[in-house]
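Student: Letter by letter, the chains look like this.
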Amino acid sequence: MFETLSDRLTSVFSSLRSKGRLSEADIDATCREIRIALLEADVALPVVKEFVAQVKERARGAEVSQALNPAQQVVQIVNDELIAILGGETRRLRYAKTPPSVFMLAGLQGSGKTTLAGKLARWLREQGHTPLLVACDLQRPNAVQQLSVLAERAGVGIYAPEPGNGTGDPVAVARQSIDHARRQQHDIVIIDTAGRLGIDVEMMRQAADIRDAVDPDEILFVVDAMIGQDAVTTAQAFLDGVGFDGVVLTKLDGDARGGAALSVRHITGRPIVFASTGEKLDDFDAFHPDRMASRILDMGDVLTLIEQAQRTFDEQEAAKMAGKLASGEGFTLDDFLEQMMMVRKMGPISNLLGMLPGMGQMRDQLNQVDDRDLDRVAAIIRSMTPGERQNPKIINGSRRARIANGSGVSVTEVNSLVTRFFDAQKMMKQMAGGMGIPGMPGFRRKQQKTAKKAKGKRVSGDPRKAAAGRPALDPAPAPQAPSPGMGGLGAIPGQLPPGLKLPPGFDPAKLNLPKKK
Amino acid sequence: MEGYLWLILIVTLVAVLAGGSLLLLKPGRKAKPPVAPPEERPIPGAERPAARGAGEEGDGAATATLPRPIAPAEARPEIEIPPPSAGRMVRLRARLARSQSALGRGLLDLLSRDALDDEVWDEIEDLLITADVGVTPTQAMVEELRTRVKVLGTRTPEQVRSLLREQLLVLIGADMDRTLHVQPHGERPAVVLVVGVNGTGKTTTTGKLARVLVGDGRKVVLGAADTFRAAAADQLQTWGDRVGAEVVRGPEGGDPASIAFDAVSKGIAGKADTVIIDTAGRLHTKTGLMDELGKVKRVVEKKATVDEVLLVLDATTGQNGLTQARVFAEVVDVTGIALTKMDGTAKGGIVIAVQRELGVPVKLVGLGEGPDDLAPFDPEVFVDAILGD
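Chains as they are written, first to last, in my numbering: chain A, 1 to 517; chain B, 518 to 906.
Straight line, CA to CA, 27 Å or less: simulated DSS-like cross-link-like pairs of lysine-lysine:
no.	chain 1	residue 1	chain 2	residue 2
1	A	280	B	812
2	B	736	B	783
3	B	788	B	819
4	B	812	A	345
Bear in mind the hints are in silico, worked out from the structure with no lab data behind them.
Using the sequences provided together with the hints, build the complete structure.
Tutor: Have a look at this one:
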């Protein structure tokens, strides 16, 4: 799998650490890595070229050559530039002075226009508007019905005089809809058009006709976050064909890196207004440039992780869990089972791990961590009696054999789970003592840790890695070099099975960053 | 945001505790884990209209603001006889060339230059990258081309052309088995499962495929197992009615596996040749939905063998297509790819990476919105269209 940009840059720069100054060749090597990273995130080639040239320009400047840590500085520059392009201008929807305001949606087939129309309608209704959905997609079989069902779910009105399925004139429908909206006192009209290809002249003319017929206040270009290099051609074709004022990025709930956002923004200069992040009508959000930047660079996304958690659990559950974790002593297998189920609910474990900063480089290992392993561990724990779960110390040979039989695994697996659990419990205890979960890293343990570090097995608190994660997490003035406090997590490596190492950059000090927001 | 540190710790902890067990396991004796029940999609039952017949649907949808009710979709009683599949690709070649010729021409032009310096090679690389081929496969191909050109020495345009043709064929994999397994086995029909992420054109591909098969003189039953998206079953019904294929559907929000099972049962009872099951679009990152898909396949396998699992990939998809293919292949063992929307400007280069990584061949290409714009994939015709005659 791909490595993150920061890892690549780290390896480029590691060779020149001693030199202290960047040569032209070093900058070229850096830019090559940035280029590949962006291309793999589906940023369009012309955009990549221009972007890299820009970064190169800045990298030559004094800020990099004088920086103590050039790699960190370059990643920072890339991130800054990305945010600058993506979020140069935040804007809200423009409403007409005299209602109804008309919003028109356009895009390729399957980019999610009809679903978005429903989401937008619901969102506007919650803002106190009375939107009217207009079915101008008369091309795809039953698109009209899909829209009427969505309108019903969103609780808004619909204007669908034509049955669709290839018959009827969408331009006429659009034109009539304005009068209809006026009569029915709708203050916003959302026009859902058929999906069309940029090169389909006839369809583009139809879209332009619809535009001319209704004179929309906003034309939104709907684009799929998974789109590849074709984003540029398509965006340009739509800009020339119908023109658009804003972009909506859909299907961001997948794991596509979404380089298209950058391409479209860069090529057309139109801002990204909304992000659509799911199949339900309320999965709809304003666009966050900083998150998108770290997503494109694959730098971990703690904020998304937290949001996902907030969606899945309520405050109380969260507080209870945090308390359990902090108490250390009281941490039982039951608690662990509960936590594991919570994590399972949030999605595939490898995805979650991928969102943690600095985890990107252990992707290979991550790919091996499977949800089935969680299920298997859960089965083992569920085969234990309540007493055993409360106090795993009582698990002796015969109990082990019973548990193994009950869960369909071997005794060795039960053994290893119990051992690892004890290690984890120990670690929690240390953490509770040294750190106190909502508190700051425990400096008490720092000295011991530094000693361990010297063995060279893992280099922790790598400032570059930390820096790579930081801009994404904390756009505010970044704190000075992260404290090398390892907290209690440092206790893990010793007990980790071979092959699953925490990445060198995994430093609990970083994990505090989101709280500073 | 306060206090969410625990979350990170928990995720790590779970990974460490659970992940460890994997590493201690010997590969041979990996016990099949218990399968978690598929996560039901949260569907507010009250808000759901009873979507059964097309006529009923129309009435249900006519809200107060409707000036006139939607005419029922069944106003198309005549059954069309679609043309057979043979030679479709050749017919649709012109459309393919529209999207592809720039790539082929550009490559030909570059390779025919007198001096092939680094700049030209960079341009060739750029061309391939803009086709979504991906960085690694591109570099591999450029390296190969470089060696071949060096061996070739002087080049005539014909030589360059045949070299490029050869290379592209290697890249696309001319020797893969691309036959669509739709032959019935004795009493039981062949079962085709259509899967993919949202908006790639699964339902449309299912409809078109049904037409292709009916055109080839087969009896087809369609299973509308997309119970999630509004009016997806109606969309399939429309396709089915056009060619006279029976469509098995269930209530919206129902269990897709049971609809798939019903469709296969109907297929067996009605002595159909092929049963095509259209599933709901799902992002490969949604565990619950992927489990649901696994269940659909398992349930169908109780009744018949699933001969073909078609992953529908959109030609505009970028590098994420590879991840999609990988996850779907893990869950339902994809046997072929249907590449849709090839009539646009997108080049669909991602299939090259998918084929390289997973060895799953492209079996069908969608080349337009017309009902007969789906063709069996023929690599030679495809490459010739790319290079232009």
